[in-house]
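Peer 1: So the chains spell out like this:
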Amino acid sequence: MRRLLIAAAALLSISGAQAETLWVAEARVIAVTPQCADTVAVADFFRAVFRPQGTTIGNGANSHLALFSQRSTFWMRVPNNTFRGGVNYVGYFVKASLSFGGTSGAILDWQESSAFGGPVVSNVTTSITNFFGTSQCTATLRMPFNLLP
Amino acid sequence: MRAFVFSSIVALWSLASPDAGLAVTVWQGEAVITTASGTCTFPGDERRNISTGTVLKSVYRPRVVDGNGPNTRISFIHDSGAMFVMVLQDTGANGDYAKIGVTHSALLVNSGLAGFASFQQLPATITVSTSFVRVSGRVEDFMFLSGCDATFRATYSKR
Chain A
-1 MRRLLIAAAA LLSISGAQAE TLWVAEARVI AVTPQCADTV AVADFFRAVF RPQGTTIGNG
59 ANSHLALFSQ RSTFWMRVPN NTFRGGVNYV GYFVKASLSF GGTSGAILDW QESSAFGGPV
119 VSNVTTSITN FFGTSQCTAT LRMPFNLLP
Chain B
706 MRAFVFSSIV ALWSLASPDA GLAVTVWQGE AVITTASGTC TFPGDERRNI STGTVLKSVY
766 RPRVVDGNGP NTRISFIHDS GAMFVMVLQD TGANGDYAKI GVTHSALLVN SGLAGFASFQ
826 QLPATITVST SFVRVSGRVE DFMFLSGCDA TFRATYSKR
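Sequence lines, in order, name chains A and B. If you're matching positions, the first sequence starts at -1 in the working numbering and goes up one per residue. If you're matching positions, the second sequence starts at 706 in the working numbering and goes up one per residue.
Isolated chain A (complex conformation) (with noise of 0.2 Å):
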């Protein structure tokens, strides 16, 4: 018996993992303002992970998304909402420095080709505000959110 639930145990470890449905992209940068000069640059891209909320698919009530660069992260959450136009999100950086710190800004708009939770692929186009923590940097950015399995 003890066995049985160590086993159960460990399969309810490893699909731990497993219960909450990630999508990711990589979120291109198409526009920004002037005050992005020393922070971000069309064309500039990174690694989107999208986790938006629902209990169905194991991503409780807030919705994350998650940029990463090749060595720095900016993290978003919409508390009890979806991404989506007008809203406003807290948020954390932490840079290529090493230096990190809270932040918060809000969603200028937010289009997707589908809903999130049915199809495999949604394309997203945001502005963001304060973009990794950097007041008044407003940048624009496409992700082609692909569903992971």
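These are calculated hints, taken from the structure and not from any lab test. Take the hints with a grain of salt, since some may be wrong.
As the list claims (entries may be wrong) - No farther apart than 20 Å at their CA atoms in a straight line, the calculated lysine to any residue pairs in the SDA-like style are these:
1) B:K762 x A:D42
2) B:K863 x A:F43
3) B:K762 x A:R45
4) B:K863 x B:L727
5) B:K863 x A:D42
6) B:K863 x A:Q68
7) B:K762 x A:S67
8) B:K762 x A:F43
9) B:K762 x A:Q68
10) B:K762 x A:A35
11) B:K762 x A:E24
12) B:K762 x B:F837
13) B:K762 x B:T739
14) B:K762 x B:S810
15) B:K762 x A:S95
What the hints assert, rightly or not - Only part of the chain B face toward chain A is listed, based on derived beta-carbon distances under 7 Å:
16) L727
17) V731
18) K762
19) R766
20) V769
21) V770
22) R778
23) S780
24) S785
25) I805
26) V807
27) S810
28) A811
29) L813
30) V814
Just so you know, these numbers come straight off a predicted model, no measurement behind them. We put the CB at the ideal spot given by N, CA and C, even for glycine.
Add chain B to chain A, keeping to what the hints say.
Peer 2: Chain B only, in chain A's frame:
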């Protein structure tokens, strides 16, 4: 309680971080995992796996060099899918580190402690004119993988 106190210290300290006004000096390179044990691999989710031979982009920010502040920091980027930053809380070969970063699941971690051991930096004393640095050590909960115990060897050049 210990983790809470610690995360508070980290949060307050980051607000008062000296690099708000001073230049920081970092070294950038690649880290190679030399051993991995415990829960470091995940069948069906290859992008999380850490095993012997895994290579990660790494940035090293040694303490009290230029405006780097009082704590050594090391980052590891795993296949562009997670960023793991260790803020060392001890200056010896063994001790604790504060966890900062974003997991493979797109979740933020900015509190909590875990242990490191056998930490070695060569040369032992680094200045802003040091060109090359080598660092090795053993890390608990590597890349936020609970129960993953990994040793690494990293080589850096000044950025």
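Peer 1: Between the alpha carbons of B:K863 and A:Q68, is the straight-line distance 20 Å or under?
Peer 2: 16 Å, holds
Peer 1: Given B:S810 as an interface hint, is the shortest Cβ-Cβ distance to chain A below 7 Å?
Peer 2: 6 Å, holds
Peer 1: Go through the hint on B:I805 and say holds or violated, using the shortest Cβ distance to chain A against 7 Å.
Peer 2: At about 6 Å, which falls below the 7 Å cut-off, the nearest Cβ of chain A leaves the hint on B:I805 intact, so it holds.
Peer 1: Would the hint on B:L727 stand, with a C-beta cut-off of 7 Å toward chain A?
Peer 2: Check failed: Cβ of B:L727 comes no nearer than 11 Å to chain A, outside 7 Å.
Peer 1: May I ask you to test the interface hint for B:A811 with respect to chain A, counting a Cβ-Cβ separation under 7 Å as satisfied?
Peer 2: 4 Å, holds
Peer 1: Verify the proposed pairing of B:K762 with A:S95, using a straight-line Cα cut of 20 Å.
Peer 2: Distance ~13 Å between B:K762 and A:S95 Cα, so the pair holds.
Peer 1: Regarding the pair B:K762 and A:E24, is the alpha-carbon distance no greater than 20 Å?
Peer 2: 18 Å, holds
Peer 1: Against the 20 Å threshold, does the CA-CA distance of B:K762 and B:S810 hold or violate the hint?
Peer 2: Holds: B:K762 and B:S810 sit about 19 Å apart, inside 20 Å.
Peer 1: Given the hinted pair B:K863 and A:F43, is their Cα-Cα distance within 20 Å?
Peer 2: 24 Å, violated
Peer 1: For the pair we were handed, B:K762 and B:T739, check the Cα-Cα distance against 20 Å.
Peer 2: 15 Å, holds
Peer 1: Return the status of the interface hint for B:K762: holds when the least beta-carbon distance to chain A is below 7 Å, violated otherwise.
Peer 2: Holds, because the Cβ-Cβ distance from B:K762 to chain A comes to roughly 6 Å (cut-off 7 Å).
Peer 1: Does B:F837 lie within 20 Å of B:K762 when you go C-alpha to C-alpha?
Peer 2: 16 Å, holds
In summary, the structure is inconsistent with hints 2, 5, 10, 16, 20, 21, 30 from the numbered list given earlier, while agreeing with the others.
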